[in-house]
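Novice: Listed below are the residues making up each chain.
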Amino acid sequence: MVGIVIVSHSNKISEGVVDMCREMAGKEQKIISAGGLDDYSLGTDAVKIANAIENADSGDGVLVFADLGSAILSTEMAIDILKDSSKDIRVEIADAPIVEGAIAGSIEAYIGGNLESCLTKAEEVKIFSKLNK
Amino acid sequence: MEKTVYSYIKAMRDIIVENKDFLTQLDAEIGDADHGTNMARGFNAVVEKLSEEDLDLKNVLKKAGMGLISSVGGASGPLYGTMFLKAANVAVDNTMDPNVLCQMFKAALDGVKERGKATKGEKTIIDAMEPAYEAFVEVIDSGGSVQQALEKALEAAKEGVEYTKTIIATKGRASYLGERSIGHQDPGATSFTLLLESILKNYMK
Ligand SMILES: Nc1ncnc2c1ncn2[C@@H]1O[C@H](COP(=O)(O)OP(=O)(O)OP(=O)(O)O)[C@@H](O)[C@H]1O
Ligand SMILES: [Mg+2]
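Residue numbers (the working numbering), protein chains in the order written: chain L, 1 to 133; chain R, 1 to 205.
Honestly, the hints are just simulated from the structure, not real lab data.
Careful: at least some of the hints might be erroneous.
[Unchecked claim] Which residues of chain R face chain L? A partial, calculated answer using Cβ under 10 Å:
| id | residue |
| --- | --- |
| 1 | D32 |
| 2 | D34 |
| 3 | S70 |
| 4 | G74 |
| 5 | P78 |
| 6 | G81 |
| 7 | L85 |
| 8 | K120 |
| 9 | K171 |
| 10 | G172 |
| 11 | S175 |
| 12 | Y176 |
Where a beta carbon is used, it is the ideal one built from N, C-alpha and C, also for glycine.
Let the hints inform the model, and build the full structure from the sequences given.
Specialist: Listed below in structure tokens is the structure:
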């Protein structure tokens with residue numbers, strides 16, 4: 001199953017998004033929070049993210065949701081760190097809002113979607129109208 | 001160069017710690033008020049990881065890069081971390097041959113640009129670093145000394161910082177402010193200039 005990693009500056013946000021995804025996800029599904037710094041202050045940590053990606057992978061790849069700024073930079077750095085240590089994990093960063101995107105992506109993973117379809121489902125939420133306009 | 005690479009890293013740490021509040025103040029104006037804290041946390045962690053017995057240039061630069069990546073906590077972590085890692089890649093043993101220095105500078109600059117997907121004029125580190133690199137190479141290519149090259153590079157970096165006051169941020173947190181970012185100098189360009197200043201000072205010691 002495709003693994004999911006949630007990256008935010010705030011540990012509360014990443015934990016909260018994981019909780020929301022879990023409501024609809026399978027028990028065994030890997031949805032991992034990598035938010036904030038070790039002391040729970042606001043920030044992003046590429047090493048923490050790299051570990052989360054490794055833990056989320058079960059062979060089918062990992063889809064990462066990140067908030068803004070260094071959340072993206074640190075995730076890209078994490079992917080490079082994994083590559084440099086020759087860890088062969090397929091990783092994609094979703095160009096999607098973190099809450100809605102992560103829920104769409106993790107449901108698609110749960111029902112057996114591959115990395116590409118999880119990415120597509122997650123990125124589709126960008127054009128999905130909440131107000132049915 | 002008789003000074004160890006460790007002495008340079010320590011000089012960088014010292015200047016960052018000295019200017020921690022100043023950098024954070026700059027970041028408070030157009031960012032999230034953490035640049036000084038981030039950089040000080042990063043360089044303190046790096047110095048803690050190193051020892052005076054670490055003499056190998058490549059190895060120390062690598063450790064410094066990884067140390068920054070794992071402890072800074074903001075955008076400047078992956079950016080400065082990549083800078084050190086890329087310089088380490090092209091460093092040759094312990095030679096401080098001016099041409100090798102130019103190559104290290106170039107690799108570091110390209111690394112930051114690639115990591116941040118930024119170019120000159122976006123109100124970032126690059127606005128100080130690119131002119132500094134160009135000035136450095138120009139002096140070396142025309143037969144000048146490393147000290148002269150560092151002096152010119154520092155001058156160019158300072159001008160770069162002044163230039164950041166005149167432009168709108170299009171990368172990083174400050175980009176959310178749009179026009180409102182004009183009139184403020186970029187924290188990252190400023191910290192880069194401080195690092196360069198510490199290198200020159202340590203070189204002349
Ligand atoms: N994409 C980028 N490319 C180059 N430099 C950047 C980029 N984004 C930010 N910077 C630089 O980083 C500096 C800010 O560093 P700082 O340590 O405060 O990180 P931050 O912006 O708070 O990170 P975060 O995204 O976590 O909030 C800016 O002043 C700018 O010079
Ligand atoms: Mg900041």
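Novice: Hints first: check each against the structure and report whether it holds.
Specialist: Status of each hint after checking the structure:
Evaluation of the D32(R) hint against chain L yields a held restraint, the C-beta minimum of about 8 Å falling below 10 Å. A hinted interface residue such as D34(R) counts as satisfied when its beta carbon comes closer than 10 Å to some beta carbon of chain L; here the least separation is about 7 Å, so the hint holds. Annotation: S70(R) was flagged as interfacial toward chain L, and the flag holds, the nearest CB pair being 4 Å apart, inside 10 Å. With its C-beta approaching chain L no nearer than about 5 Å, G74(R) sits inside the 10 Å limit, and its interface hint holds.
A distance limit of 10 Å between C-beta atoms decides the matter here; for P78(R) the minimum to chain L is near 4 Å, and the interface restraint holds. At a threshold of 10 Å, the smallest CB-CB gap from G81(R) to chain L is about 7 Å, leaving the interface hint in force. Here the hint on L85(R) is kept, as its CB sits about 9 Å from the closest CB of chain L, short of 10 Å. Hint status for K120(R) relative to chain L: violated, with the closest Cβ pair at about 18 Å, above 10 Å.
Satisfaction of the interface hint for K171(R) is found here, the shortest Cβ-Cβ separation to chain L being roughly 9 Å, below the 10 Å cut-off. A distance limit of 10 Å between C-beta atoms decides the matter here; for G172(R) the minimum to chain L is near 6 Å, and the interface restraint holds. For the restraint placing S175(R) at the interface with chain L, the shortest Cβ-Cβ distance is roughly 9 Å, inside the 10 Å limit, so the hint holds. The closest approach between the C-beta of Y176(R) and any C-beta of chain L is roughly 9 Å, which is under the 10 Å cut-off, so the hint is satisfied.
The earlier numbered hint that this structure contradicts is number 8, and it is the only one.
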